[in-house]
Amino acid sequence: MDATSHRFRDNARHALANGRLKESLASFTKTFPEKRQKVIDRLPEFDALRDEGVRIKNHVLANLDFYLERFEAKATAAGAQIHWCRDAAEARETVLSICRAAGARTVTKSKSMIGEEIAINEFLESNGVRPVETDLGEYIIQVRGESPSHILVPAIHLKGPDIAQTFREKHTALPPGRALDEPEAILREARTVLRGEFLAADVGLTGANMLVAETGSIVVVTNEGNADLVMSLPKVHVAVASLEKVVPTLEDAATILRLLARSATGQDITAYTTFATGPKRPGDPDGPDEFHIVLLDNGRTAMLGGEFRDMLRCIRCGACLNHCPVYAGIGGHAYGWVYSGPMGSVLTPSLLGAHQADDLPNASTFCGKCEQVCPMRIPLPTMMRHLRERQFTTGGPAAKGRGALKVWAFFARRPALYRRATALAIGALAFLGGGRGRFRRLPLTSAWTGPRDLPAPQGRTFQALWAERRRRKP
Amino acid sequence: MSARDDILSAVRLATGGGAALGRSAVARAFDERLAKPTANLIPERGKGTPAELLVRFIAESEAAAATVARVAGRSGIPAAVADYLAAHGLPRRVRAAPALKDVPWPEGIGIAVDYGKADADTPVGLSCAVSGIAETGTLVLPSGPATPTTLNYLPDVHIVVLETASIVGSYEDAWSRFREEAAGGDFMPRTVNWITGPSRSADIELILLLGVHGPRRLHILLLDGQDA
Amino acid sequence: MSSAAPRVGFFVTCLVDLMRPSVGFAAVKLLEEAGCQVEVPAEQTCCGQPAYNSGDRADAIALAKQVIAAFEGFDYVVLPSGSCAGMIREHYPRLFAGDAAWEGRARKLAERTHELTAFLVDVLGVTGVTAKLAATVTYHDACSGLREMGVKTQPRRLLASVDGLTLKESAMAETCCGFGGTFCIKYPEISERMVDTKADDLIATGADMVLAGDMGCLLNIAGRLKRKGSAMQARHVAEVLAGSLDAPAIGEPGRTS
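Protein chains in written order, with our numbering: chain G, 3 to 476; chain X, 818 to 1045; chain W, 1417 to 1673.
No wet-lab data here; the hints were simulated from the structure. Do not take every clue at face value.
In silico lysine-lysine, DSSO-like type, Cα no more than 30 Å apart, as pairs [to be verified]:
1. W/Lys1445 - W/Lys1524
2. G/Lys37 - W/Lys1548
3. W/Lys1445 - G/Lys40
4. X/Lys934 - G/Lys282
5. G/Lys237 - X/Lys918
6. W/Lys1445 - G/Lys24
7. G/Lys237 - X/Lys853
8. G/Lys408 - W/Lys1445
9. W/Lys1548 - W/Lys1602
Counterexamples of contact, computed for chain G against chain X with all Cβ distances above 10 Å [what the hints assert, rightly or not]:
10. Arg9
11. Arg44
12. Met115
13. Arg132
14. Val145
15. Glu148
16. Asp204
17. Ala215
18. Ser219
19. Lys402
20. Gly437
Cβ atoms here follow ideal geometry from the backbone N, Cα and C, with glycine treated the same way.
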């Protein structure tokens, strides 16, 4: 997808004006945190498991070359073909050449953030290969020509009637008078249409939630079961995964699985968790003849060596989105690229380049909720602050108020001068307030007084009053 | 340089990799772990006596919208399948895993049974799990010549046979069983499916719907005995 | 109390200093009633958080050094703000990590720094206050106080002892109000949605008054409540706990004597 992260402000304004989105987000940002809390309350060891998850990921990241090589060796031994790709363009070409070699016309896909990151759909399409999303939400937005607004619930911004309308326009072979009022009816229709696609596809494309170095397996989780049909029906399976997805052992994978669904959807575990190791074996009645794994860097090694390494612990659960009050206001599209919410505010500048996403790390109140719920304890606000620090020297929204900030700091660093200057300014402001208690508008303060009144100061500074009190009773 | 070499050297540059102090110790520790697998923290709900684990497995799988029936032994499977299909008015056409070929289907039970992988229109899949994991009510189904994976996904109704004795506490316990079976050899099947309840989605307005692409119903037959 | 009285350096914070000194005096009253000897170093201005969160490390460090120097001699440093207290306790040590001359001093100060209500309850063991207020109030948990300083039960414990007061919790008490320092003026539309959601949630409690421990949030919330025409009043929790209710509530008309 083309990134619009640089238009964040416009995107956000647009989203805020969308009443239907507001409704969807209100229900969603209430439901998911409640479900997560409920399921965590049943697991007293949750925080200890988080610590273990952090330890596992930190260990892998510190020894990433070792575990990648071990993974490669085991996966290759099981018959998988590994393709190392430096960037999105290499990954796209690799996937396309696999499709061409297979004579593929249709590719079924299960939801993959890496697939979105490398914009594989547009690329395959422009090269004569038809990609079909099979995750229900992804399918809906694919036929609408949109992009996901949430990593778990891609069509969270839509309502049933929107989807019904889309299906009527898209599925023209079906009777026009059919009922599509109930979500169940929409689901049945999608199932029927996609069943045909599953069976007809030549290549199946999935992501991978983890790569297991011990066995050379990929781990894929879904609730719909679509990834399993994508993996087992076509004759070729391609999994795209970024480097940091590797974990040492099956036991380590188990630990992370205990965190993933609980943090994501508030389930103990997703309905389907699949460990896939190489292609079809002798005697197997089903499974793909070829199994390809695309290992993608696309900016990860750069993050690994810098102050954003912690971000590579991310397991894409979406908890930071689900709990973010900014995301709750503007939804995922405003962030302008694949990754939204707090994780997107760190990942997008890191992967696309800071100037493609200048606003993102600034559009946070640092309320800290994201770090509080992150199963991998990623210090998201700290990393957003790092990005702001870079902008402060190189330019960007963080530097925008630099002049005013510098003037304020000039005074704040000179306490005696500060006391005199603030006493005067506050006295003047209180005088302007004229006992009304607040301002509806005031010159130069429209950013404050646009949405809210400005309470008037009481009139004297505490410092001045305290000095008086000291003089009265030493 | 190849992309592989480029990426690996970039990783090493970023981490002090390859030549980094303690790297050989990391490799040694990893090999030792593989030789003698060690679990991380296992939550209490993944532990207990067999009786406790059985109760928990049933409760957790039912919480995930699966249904459970107790069956005395393998010979009881046909009647249990028949009961379930009849109770829900489901098609009496079953595609079973070849691993279940020893189950005797009585004449006159009125169910058409055949064996092999699933087709697009297979209404009922009957397969067998090697373990049930109590901590989340999860079934473990490996692929193999006698256990096609498509049976787990294509049919609208999925019935799974699980021996009560195969219920374990945790995910780690399930992996231990694979390793024990393989006795030191390569233990990992092509595919291991962990299945917890039927297929589901909340993609439309967060309303939970069952049977999106995989089965709408998951029914577990718990075999308490081994008779044939 | 005698010479055993703990010496508390009171950091009034810039917003209380400039906008609402009555909160500062209420806090001092609470501290003195609890047996503290309170001093207010004149060399204090701001903790440096606005600079720090804007990416301006140089000014943040300069201001942090000023604060450390001003407050080094006290047994405790107490602030009527979880946000500024969090800046000193959580972030000063990070700002000086690896700085041999300052890291130790920053840590020492961090260890002795407390948010007002947490200090009263957790350090001094205060279990109640003597104030009276016949009103139903609701409490907004300011983010930094809640997540960096663990301020949650302490203000509620003290409020429970206020004669006549009923606390009615709001559903989203722990959700950010959308202030976020410079965030609220850099992204006013997003901030508006957040504070509007917050205001609706508070109004839904039917309480007469919203209390919080941070002036930033309170100015934002009070400003939005007034813009919406709500009669709900907003005050700093210290004012209620100290029984210092002479000044009009935040944004309400009337003069402070």
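Status of the hints after comparison with the structure:
Distance hint between W/Lys1445 and W/Lys1524 is fulfilled; the C-alpha atoms sit about 26 Å from each other, no more than 30 Å. Straight-line distance between C-alpha atoms of G/Lys37 and W/Lys1548 comes to about 39 Å, which puts the hinted pair past the 30 Å bound. A hinted pair counts as satisfied when its Cα atoms are at most 30 Å apart, and W/Lys1445 with G/Lys40 does not qualify at roughly 42 Å. Taken as a hint, the X/Lys934 and G/Lys282 pair is honoured in the structure, with Cα atoms around 13 Å apart against an allowance of 30 Å.
Between G/Lys237 and X/Lys918, the direct Cα distance comes to roughly 27 Å. Compliance with the 30 Å bound is thereby established for this hinted pair. With a C-alpha separation of about 45 Å, the suggested pairing of W/Lys1445 with G/Lys24 is violated against the 30 Å cut-off. Restraint check for G/Lys237 and X/Lys853: not satisfied, since their Cα atoms lie roughly 36 Å apart, outside the 30 Å limit. For the given pair, G/Lys408 sits about 35 Å from W/Lys1445 by alpha-carbon distance, which is inconsistent with the 30 Å threshold.
Between W/Lys1548 and W/Lys1602, the direct Cα distance comes to roughly 40 Å. Violation of the 30 Å bound is thereby established for this hinted pair. Listed as outside the interface, G/Arg9 is consistent with that label: its C-beta sits roughly 27 Å from the nearest C-beta of chain X, beyond the 10 Å cut-off. For G/Arg44, the condition that its CB be more than 10 Å from all CB atoms of chain X is violated, with the nearest at approximately 8 Å. In this structure G/Met115 is separated from chain X by more than 10 Å, as the shortest Cβ-Cβ distance comes to about 16 Å.
Chain X leaves G/Arg132 outside its interface by the beta-carbon criterion, the shortest separation being 19 Å against a cut-off of 10 Å. In this structure G/Val145 is separated from chain X by more than 10 Å, as the shortest Cβ-Cβ distance comes to about 13 Å. Under the 10 Å C-beta cut-off, the non-interface status given to G/Glu148 relative to chain X holds; the minimum distance is some 13 Å. Every Cβ of chain X is farther than 10 Å from the Cβ of G/Asp204; the closest lies at roughly 16 Å, confirming the non-interface assignment.
The non-interface label for G/Ala215 is inconsistent with chain X: the shortest C-beta to C-beta separation is roughly 8 Å, within 10 Å. At the 10 Å boundary, the C-beta of G/Ser219 falls inside the reach of chain X, the nearest C-beta of that chain being 6 Å off. Look at G/Lys402: its CB is around 32 Å from the nearest CB on chain X, clear of 10 Å, so calling it non-interface holds up. For G/Gly437, the non-interface assignment is confirmed: its Cβ lies about 50 Å from the closest Cβ of chain X, beyond the 10 Å cut-off.
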